[in-house]
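2 protein chains.
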Amino acid sequence: MPTSLPRKDLFDLPEGVIYLDGNSLGPLPIGTAERAAEVIEAEWGCELIRAWNSAGWMDLPRRVGDRIAGLIGAPAGSVATGDTLSIKVYQALAASLRMRPDRRVILSDSGNFPSDLYMAQGLIGTIDKGYELRTPAPEDVADAITEDVAVVMLTHVDYRSGRMHDMAEITRRAHAAGAVMIWDLAHSAGAVPVDIAGSNAEFAVGCSYKYLNGGPGAPAFIYARPDIVESIEPALSGWLGHEAPFAMEPGYRPAMSTERLRVGTPSVVQLAMLDRALDVWDGVDMADLRDASVALSELFIAEVEARCPALTLASPRDPQQRGSQVSFAFAQGYAAMQALVARGVIGDFRAPDIMRFGFTPLYLDAGDVRRAAEILEDVIGQELWRDPAYQTRSRVT
Amino acid sequence: MPTSLPRKDLFDLPEGVIYLDGNSLGPLPIGTAERAAEVIEAEWGCELIRAWNSAGWMDLPRRVGDRIAGLIGAPAGSVATGDTLSIKVYQALAASLRMRPDRRVILSDSGNFPSDLYMAQGLIGTIDKGYELRTPAPEDVADAITEDVAVVMLTHVDYRSGRMHDMAEITRRAHAAGAVMIWDLAHSAGAVPVDIAGSNAEFAVGCSYKYLNGGPGAPAFIYARPDIVESIEPALSGWLGHEAPFAMEPGYRPAMSTERLRVGTPSVVQLAMLDRALDVWDGVDMADLRDASVALSELFIAEVEARCPALTLASPRDPQQRGSQVSFAFAQGYAAMQALVARGVIGDFRAPDIMRFGFTPLYLDAGDVRRAAEILEDVIGQELWRDPAYQTRSRVT
Numbered sequence: 001m002p003t004s005l006p007r008k009d010l011f012d013l014p015e016g017v018i019y020l021d022g023n024s025l026g027p028l029p030i031g032t033a034e035r036a037a038e039v040i041e042a043e044w045g046c047e048l049i050r051a052w053n054s055a056g057w058m059d060l061p062r063r064v065g066d067r068i069a070g071l072i073g074a075p076a077g078s079v080a081t082g083d084t085l086s087i088k089v090y091q092a093l094a095a096s097l098r099m100r101p102d103r104r105v106i107l108s109d110s111g112n113f114p115s116d117l118y119m120a121q122g123l124i125g126t127i128d129k130g131y132e133l134r135t136p137a138p139e140d141v142a143d144a145i146t147e148d149v150a151v152v153m154l155t156h157v158d159y160r161s162g163r164m165h166d167m168a169e170i171t172r173r174a175h176a177a178g179a180v181m182i183w184d185l186a187h188s189a190g191a192v193p194v195d196i197a198g199s200n201a202e203f204a205v206g207c208s209y210k211y212l213n214g215g216p217g218a219p220a221f222i223y224a225r226p227d228i229v230e231s232i233e234p235a236l237s238g239w240l241g242h243e244a245p246f247a248m249e250p251g252y253r254p255a256m257s258t259e260r261l262r263v264g265t266p267s268v269v270q271l272a273m274l275d276r277a278l279d280v281w282d283g284v285d286m287a288d289l290r291d292a293s294v295a296l297s298e299l300f301i302a303e304v305e306a307r308c309p310a311l312t313l314a315s316p317r318d319p320q321q322r323g324s325q326v327s328f329a330f331a332q333g334y335a336a337m338q339a340l341v342a343r344g345v346i347g348d349f350r351a352p353d354i355m356r357f358g359f360t361p362l363y364l365d366a367g368d369v370r371r372a373a374e375i376l377e378d379v380i381g382q383e384l385w386r387d388p389a390y391q392t393r394s395r396v397t
Numbered sequence: 001m002p003t004s005l006p007r008k009d010l011f012d013l014p015e016g017v018i019y020l021d022g023n024s025l026g027p028l029p030i031g032t033a034e035r036a037a038e039v040i041e042a043e044w045g046c047e048l049i050r051a052w053n054s055a056g057w058m059d060l061p062r063r064v065g066d067r068i069a070g071l072i073g074a075p076a077g078s079v080a081t082g083d084t085l086s087i088k089v090y091q092a093l094a095a096s097l098r099m100r101p102d103r104r105v106i107l108s109d110s111g112n113f114p115s116d117l118y119m120a121q122g123l124i125g126t127i128d129k130g131y132e133l134r135t136p137a138p139e140d141v142a143d144a145i146t147e148d149v150a151v152v153m154l155t156h157v158d159y160r161s162g163r164m165h166d167m168a169e170i171t172r173r174a175h176a177a178g179a180v181m182i183w184d185l186a187h188s189a190g191a192v193p194v195d196i197a198g199s200n201a202e203f204a205v206g207c208s209y210k211y212l213n214g215g216p217g218a219p220a221f222i223y224a225r226p227d228i229v230e231s232i233e234p235a236l237s238g239w240l241g242h243e244a245p246f247a248m249e250p251g252y253r254p255a256m257s258t259e260r261l262r263v264g265t266p267s268v269v270q271l272a273m274l275d276r277a278l279d280v281w282d283g284v285d286m287a288d289l290r291d292a293s294v295a296l297s298e299l300f301i302a303e304v305e306a307r308c309p310a311l312t313l314a315s316p317r318d319p320q321q322r323g324s325q326v327s328f329a330f331a332q333g334y335a336a337m338q339a340l341v342a343r344g345v346i347g348d349f350r351a352p353d354i355m356r357f358g359f360t361p362l363y364l365d366a367g368d369v370r371r372a373a374e375i376l377e378d379v380i381g382q383e384l385w386r387d388p389a390y391q392t393r394s395r396v397t
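From first to last, the protein sequence lines are chains X and W. Just so you know, my numbering puts 25 at position 25 of the first sequence, and the rest follows in order with no gaps. Just so you know, my numbering puts 65 at position 65 of the second sequence, and the rest follows in order with no gaps.
Honestly, the hints are just simulated from the structure, not real lab data. Please note that a few of the clues may not be correct.
Because identical chains share one entry, a pair is satisfied inside a single copy or across any pair of copies.
[Said to hold, decoys possible] Pairs of lysine to any residue, SDA-like flavour, derived with a Cα cap of 20 Å:
hint, residue 1, residue 2
1, Lys-8, Cys-46
2, Lys-129, Gly-16
3, Lys-129, Glu-147
4, Lys-8, Glu-47
5, Lys-8, Asp-282
6, Lys-129, Arg-393
7, Lys-8, Arg-172
8, Lys-129, Arg-100
9, Lys-129, Gly-251
10, Lys-8, Ala-366
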């Protein structure tokens, strides 16, 4: 089974670095800086306000949305881009609650990314009508979909463990119980094959700075199932989601498309950078990518378990139940990750004790993975993490 | 009275253009493209995920907020940046309603920017407890602040007419009636002196791509009065507003500062561009800027009224009641503006009949204004707007 795709030359990776953190911030695709310079100097600088038309800025969110749609099994026109993932979670949740006015439960799981849970908490406080957020363990969530659940909101691939939910089956069970389904694809889009339309879920959300390599703060996206779009009542009813934004009407009238999930003025420079970054996906077959990703992560697990008995696999052992990342638990994980990063192997740490490694076959191969495991063996076996320099926690970990 | 400030060389303006649309999208400050390239290539490209710490990305929103604070009369630490202005309006409105749980009226005015009104409508629909949005005419709003009003939300300078509300007086009346006050500074920040702390308003919001020249899609900002920050219950309770985002706690616990009004991952590239763009304000006295802006707009009004009798002033004649823009009503305004733009004088059009011109003494002087009026005279007097090429409306006007 191939462990890489011939794409490494499409990225500008620093010398001496093995980058296993594309699940947090993807690396720089070549041409991105040039595209940003073009937007800034030729479009903004020379065209000024006219660039909204002449450089196509107004349609850029839709065009980028269509490209993301192609990576998550969604039809063209069904994905809106902009804002941050937290905002898109709020939009999907608020719309879902309005679709089930007689129910009062938001069901998620305890492994969900905290911001998704926080946004649900903020929405519940804002509406203040006795809504409840339930967060059973990930393995118990399917059985927790009772008939009082308005909406099930889950992250497809767990940010800490890499555990992957069965999207089709959980969506089926949500619908059987009369609930709306929202999938957060933060760790799925560009990492594993996703068939969001086939799942029949009402909403999906995601970010573009991880496996889609859009850069720090790249815009988020939201998918809405085409047959429900015209019934969605947007909570964040901004002017660019209006059917006629420049008519400057006093009343909100939502666009008759997924564009109603746009809010305010898009971050044009970052959207254009994302647009350029998405070029690396041209011609990539997601099934091939998945095969290579599984091969890389299986290799890494085997190498680490052979070399580092102090580390405990914290991801599912069955690759079919994992996304594109592998996590190991280690009590000194924070310091160990700092020591590893200092040696050029960049993964990341998630509290309380998770060392997290992402495998992206677009720019990694088996040689990188073996070398990363060797360096990890040094860090753990020689207890390099005891260096006091690696103990102090920075704000971002 | 001086009509310009010695700053023109800090902008990269195209040859042959007189730019009177800084009230919509400010022009490119020099150094911005270089700063973006540095963030993309040296920080993202080389540092990768480490740049959140090593390049200071995590603190960038706060640092930029402090610089904006200095331009609106706010203390350091009181301004959070990120998202879009529409999102910041929603945050301020939702927080205000929770501060006045027994009241059910949002008061704005009919001249407010539509997206502000739309966001209020979306919030009202989401909460669904009988809230009402009232929008009297701008001149009637002060008398409409009755004791059932929870929050008064106004744009300081009217986007269409340039009419400026009396911030101190309306805030005083809002507080006398027990209402919360929100000011939208979209057309004020960087355009007129603002003393938001002195006004005692609870919230202010604004965007940075107009007079602050941050570029297309530059992030928005929100000010909260320091003494109320710790009582704000954020509706959009994203992880980066959490007191300890990387603790990954299951429950939202707001930051004990204005940072609680942050939501998701900031658009780092656009924030860094804005940071660089704010350099042009170093050493600018807002009183000097205001004097020059008034002188430029008075000159423009005098020239246009002398040269173009078909145009009717749609801004207040008293400069103390205007912001930094001047609007004229003309039935063929859309086509006339297209014809004017084709001749290198860039203003913009707002439905139904408003030709809008912004005066920003940082990069405009009296010669530019006289020349713009001469070209406008040609366009109107010779009916150049009759050219069919100028009649077709594009999506962005």
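Here is what the structure says about each hint:
1. Lys-8 x Cys-46: Cα proximity of Lys-8 and Cys-46: across copies only (16 Å, versus 34 Å in one copy).
2. Lys-129 x Gly-16: Answer is neither; intra-copy 55 Å and inter-copy 59 Å both fail.
3. Lys-129 x Glu-147: For Lys-129 and Glu-147, the Cα distance is within 20 Å only inside one copy (18 Å; across copies 25 Å).
4. Lys-8 x Glu-47: between (35 Å within a copy, 18 Å between copies)
5. Lys-8 x Asp-282: within (14 Å within a copy, 43 Å between copies)
6. Lys-129 x Arg-393: neither (40 Å within a copy, 45 Å between copies)
7. Lys-8 x Arg-172: neither (38 Å within a copy, 62 Å between copies)
8. Lys-129 x Arg-100: Answer is both: 14 Å inside a copy and 16 Å across each meet the 20 Å cutoff.
9. Lys-129 x Gly-251: Intra 26 Å, inter 19 Å, cutoff 20 Å: inter-copy only.
10. Lys-8 x Ala-366: within (13 Å within a copy, 55 Å between copies)
Violated hints, in rising order: 2, 6 and 7; the structure is consistent with all others.
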